[in-house]
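Peer 1: Spelled out, the chains give:
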Amino acid sequence: MRRTLRLMLTAAGPYAPQFRATLRISAAASLFQAAAYATFIPLLAALIHEPVRTGRAWLWVGVLAALVCIEAALRVREMAFTYDYWHLVTQTTRLRLGAKLRSMQQQELARRAAGDLTSVVGSNATTAAGAISSLSTLFIQLVAVPTVLGVVVLAVDWRLGLVLAAATLAALPLVRQVQRRSNSGFHETDEADAAFSSRIVEYVQGLPVLKATGQAGADSPRLTPVLAHQHQAQVKANRSAALPVAGAQLIVQLALVALVAIGSALALDMRLSPVVLVAVVVTAARFAEPLSMAAVMTKLFELSEAALRRVDDVLATQPLPVAPGGQRPSAFDIRFDNVTFAYDGQNQPTLDGIDLTVSERSLTALVGPSGSGKTTITKLISRYADPQHGTIRLGGTDLRTLEPDELLRHIAIVFQDVYLFDDTIRANIAMGRPDATDDEIEAAARAANAHDFVSRLPEGYRTRVGEIGSALSGGERQRISIARAILKDAPVILLDEPTAALDTESEVLVQQAIDRLVVGKTVVVIAHRLSTVVGADQILVLDAGRITQRGTHTELLADRDGRYARMWAAQLAARQWHAGHCGVARAVCE
Amino acid sequence: MNKGGLRSVMDLVALAPATRARLGRAALLAVVGGVVAVVGYLCVAFAVGELLSGRRSGIAAWTTGALVALVTAFAARWRAENIAHEASYALEVVLRGKLADTLARMPLGEVQRLGSGPIKKIVQDDVKSLHNVVADSLPFAGSGVAQPLAALIALGTVQWRLLLAVLLIIPIAVVCLSLLSRDYTQQRERYNQANESVTAAVVEFVQGMPVVRTFDDGRGSFRRFSTAVGEFTEAVAGWLATSRASGLLTKLFIVPLPTLLLVAATAVPMRAVGWISDTDLLLGLLIGAMPIEAVAPLMHLTNYINDSKAGAVRITELLDAPALPEPEHPRDPNGSAITFTGVRFSYAPDRGRPALDGIDLDIPAGTVCALVGPSGSGKSTVARLIPRFHDVESGSVRIGGVDVREIRSDVLLRHIALVFQEPFLVTGTVAENIRLARPDATDDEVHAAAEAAAAHDFITAELPEGYDTQVGERGALLSGGQRQRITIARAILSQAPIVILDEATAFADPENEAAIQQAIARLTQGRTVLIIAHRLNTIVDVDQIVVLDGGRVAERGRHAELVAAGDRYAQLWTRHEQAARWGLATSDLETATLETGR
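Going down the list, the sequences are from chains A and B. Residue 374 in full-length UniProt numbering sits at position 374 of the first sequence, and the numbers go up by one each step. Residue 468 in full-length UniProt numbering sits at position 468 of the second sequence, and the numbers go up by one each step.
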């Protein structure tokens, strides 16, 4: 309870004072509501009295009316929070989350799946705001009103009060059970839903083969078991959660009958005024409603708390610490001294005692099988995470002493998967240097072999990427991203096999663009095709997180049994492979 | 109320007659429960009334009546809820099955165009979104009307004067209900739009974060993000402003206290002159608020319907998607030669250039034909017309002399093995994945296929449980090269006489590349092969190379002939050689001049 309140206050951020005030107003409104119901006791006493005590009755009607009006006024103020702040809370939450994403450690960012973060900033933010604005006050009302009424009845007649107390005590564990059961039920149905979702994706992608083998259609063996399981999970979750809810509701109904029965018996023995009984019955009828809402509410509360927790979780992340004493680097050689690094949650280090030096304005190639640590080295250069042992220096400055923005100012990365933003082509290129002039942008685009095709687009550099989306080929997108890097003109360039997935025609243009990008820079490239890095100043062969060979192409080839020489031979063989039937015959014969 | 939305949901319910019948039963039970509950409260009032009037005799009977009625009402209601929920879950199964069926009958190209993500959203999320309406609202709409009606009738029968007092609140209820159930179409649309764009901005901001970090000082992308967030805020503010009045009215009047106050206030003078008895008063207080309390669930129904309307419409659209026409008198292909005659095809017939424009192609059985050309030239379209991902607009595609439209689509697909760039694996074991192409294949056949696909070794040596190793969702636990070899093993196992390869080695790393090439060599042996290739060195020996440009055949012939012709292909070949020679260097002088050949 207290934890949820704390989560809410955190999520409310700058609106926490208004939120607190609203909670107080809500509590007050609920007290007045309970008091209004309690008024029926003296009111009925006056009305049922023989003769009717009209004056007294009018007095209590007046009190009742006043209480109803006060409650209404308070409810109006309570609701004002929803109408005035719900969207603002959503907005600030999203902006705060956005700022966190910007400063979060890259490793943390990668660890949280993109889809997950998207839903935190997207739907979780609105759910959290909804929890703050409406659910919290509803909760107060649902708990406060019956509690106060219970106390009032107890005060009026302790025996009838005990009946209600007994009913509540019997119902409470059931309500709590609803919570537990629906939690596990949700969990199971969520899993079943996820399993079915992934199956339907498979089904769609595999339709050609499934159709060919008669496994498509409503009774596809790929779908039916998962669908059946999903159905079972739903039915089971519903049954297990519905039972305690029903129990609780039944108890409330029975309590009403019990009140009448016990009350009548007492009254007949003259141990209870029938008038009190009437008043209590009217009041007790109000107990049923909150309890019957318990099930629906439980679900909402659970969802909201999960959303609040996830929002809080992201808001609580810390950026990488920056050690004092950072000197702005003026030279751009890169040094790894005995660097050992393991990703979060892994025991096995991905890099194990790496020593390397990339001198300024030189080209270093990283080669080796997938999983050998090539990408990790480039990630650490951009301070994706800090190594557990050893130091990495840029121009002699320990990366740990550099602000992330300061470090990244000196680095341009060309990724294998190009990411373009839904903005104009100009804006996509200008990201590299927001104050660049049109001429500078065009020059960068020309150098990246992008100017020609950009000029042919209907609105040239003002064309929005989102509108032409798939009309841009992979090579064209890659060239825009290279123009971005050229414009940034950073002294250090990291390349991750940027031409791997391109067709021949694009490939040459992208290659030329890269040639222009890397002139005079300090370059680290991850290469799959060894032929592209024959001219490197230094080739590092990685295997299982260690550097097993280093040298120039010629030096490495000299070791005929070395890993590099074997990779080189394998690639030559692959390049000579032909897919004709004569070629087929040859390959099979070998 | 939203008629269109309700209609589209009801239409979907009608597709599952069993569900509809069960919902009807649930509704009936709910009505019974609602009415009997009123009877229960009536009994409570009478029991206490007996007590007040000093008669002992009736108390026990009325109390028992109350007990029986309230428990019955409760049981009926509970049963109704259970039936409704389970009927709704059953509806989900029926709809998902029907959707799976529709997908299986649609042209594969159309399925591909929709995309697995949006289809998943319809089949899983949209179907699920019907639950609130189908299970929680529809069956209880009846009791939402019947119970307050019963309450009013009971009150009217026992004491019509109090009924009049309660009716005073009805106009307010009607106003609230009409205000609230108004579908603020404009605001809703603006909200949905803003919501979509905020989602898109969030996705972009999150996915593009690595680029944002290295290239953006935070101004550009964060501005787009914060603008979308701001627009969402405004859209919400607009909606909140228009719905504020009705929201307040609901909060203030669609609750029991105002009605009870009204009953109490009118009861004072009526009691004073002796118009109403104690029992009447008690009954008025117990059931007088029922009509107003029934309004809230009806409002929820409207909201739920609005929420699930869009989903219901999307489900209906998909269910209504036209099926690929199946032949009335199916024929079997006679051999595996592939022939295109004057094929014309457009993705969007009404506008733009056709994707293929007068393609003639002749691939004799047992030969290899390679398609080359720039992206967008129509290579993939040619490949996809053979398994009928789409049907031609004019002209014909024949296999073994038989038009593909005269072949049953499952038979046609059995004749063709498709190996795409992106290997397709399903959750399950390695063996299951290979066997997918021929479910009745023996273990030996599966192993032989894997061996031919250069996969047997890594399966037995590197995977923890060999052929029984789980590959994870879409094969996530395997490397790209391993996945590709398993799909090739599957294609080999299928024994399809025609093989279509689309860029099958594009993403392989060098060490896998050789193995995959070997696997492809075995797969293509003795079959009719169509290959889409970007790396031209892989196709220099094929029987026929067809160069496509802008949906037409620009050139065709063997490698040597085409190079000699000095035209399109020769240019591509020069480019290819140039690309293969490329080497990185940081100084201008050394660039791209290194001999990397042997």
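Please keep in mind that the hints were generated in silico from the structure rather than gathered at the bench. Computed from a predicted model, the values in this text were never measured in an experiment. Fair warning: there could be bad hints in the mix.
Straight line, CA to CA, 27 Å or less: simulated DSS-like cross-link-like pairs of lysine-lysine [said to hold, decoys possible]: (1) K120/B x K236/A; (2) K128/B x K98/B; (3) K299/A x K236/A; (4) K128/B x K236/A; (5) K236/A x K121/B; (6) K120/B x K98/B; (7) K251/B x K236/A; (8) K100/A x K251/B; (9) K98/B x K100/A; (10) K98/B x K236/A; (11) K121/B x K98/B; (12) K299/A x K121/B.
Peer 1: Next, verify each hint and record whether it holds.
Peer 2: Here is what the structure says about each hint:
Under the criterion of a C-alpha separation no larger than 27 Å, the hint pairing K120/B with K236/A is consistent with the structure, at around 24 Å. Pair hint K128/B plus K98/B holds up; C-alpha atoms about 15 Å apart against a cutoff of 27 Å. As the CA atoms of K299/A and K236/A are separated by approximately 16 Å, the hinted pair is consistent with the 27 Å bound. Note on K128/B and K236/A: the hinted pairing holds, with a Cα-Cα distance of about 16 Å set against a maximum of 27 Å.
For the hint linking K236/A to K121/B, the alpha-carbon distance of about 24 Å falls within 27 Å, and the restraint holds. Restraint check for K120/B and K98/B: satisfied, since their Cα atoms lie roughly 14 Å apart, inside the 27 Å limit. Of the pairs offered as hints, the one joining K251/B and K236/A is violated, with about 35 Å between alpha carbons and a cut-off of 27 Å exceeded. Proposed proximity of K100/A and K251/B is contradicted: the alpha carbons are some 37 Å apart, above 27 Å.
For the hint pairing K98/B with K100/A, the CA-to-CA distance comes to about 44 Å; that exceeds 27 Å, so the pair is violated. Under the criterion of a C-alpha separation no larger than 27 Å, the hint pairing K98/B with K236/A is consistent with the structure, at around 24 Å. For the hint pairing K121/B with K98/B, the CA-to-CA distance comes to about 15 Å; that is within 27 Å, so the pair holds. A distance of roughly 22 Å separates the Cα atoms of K299/A and K121/B; the hinted pair therefore holds under the 27 Å criterion.
Going down the numbered hints, you'll see the structure goes against 7, 8, 9, while the others check out.
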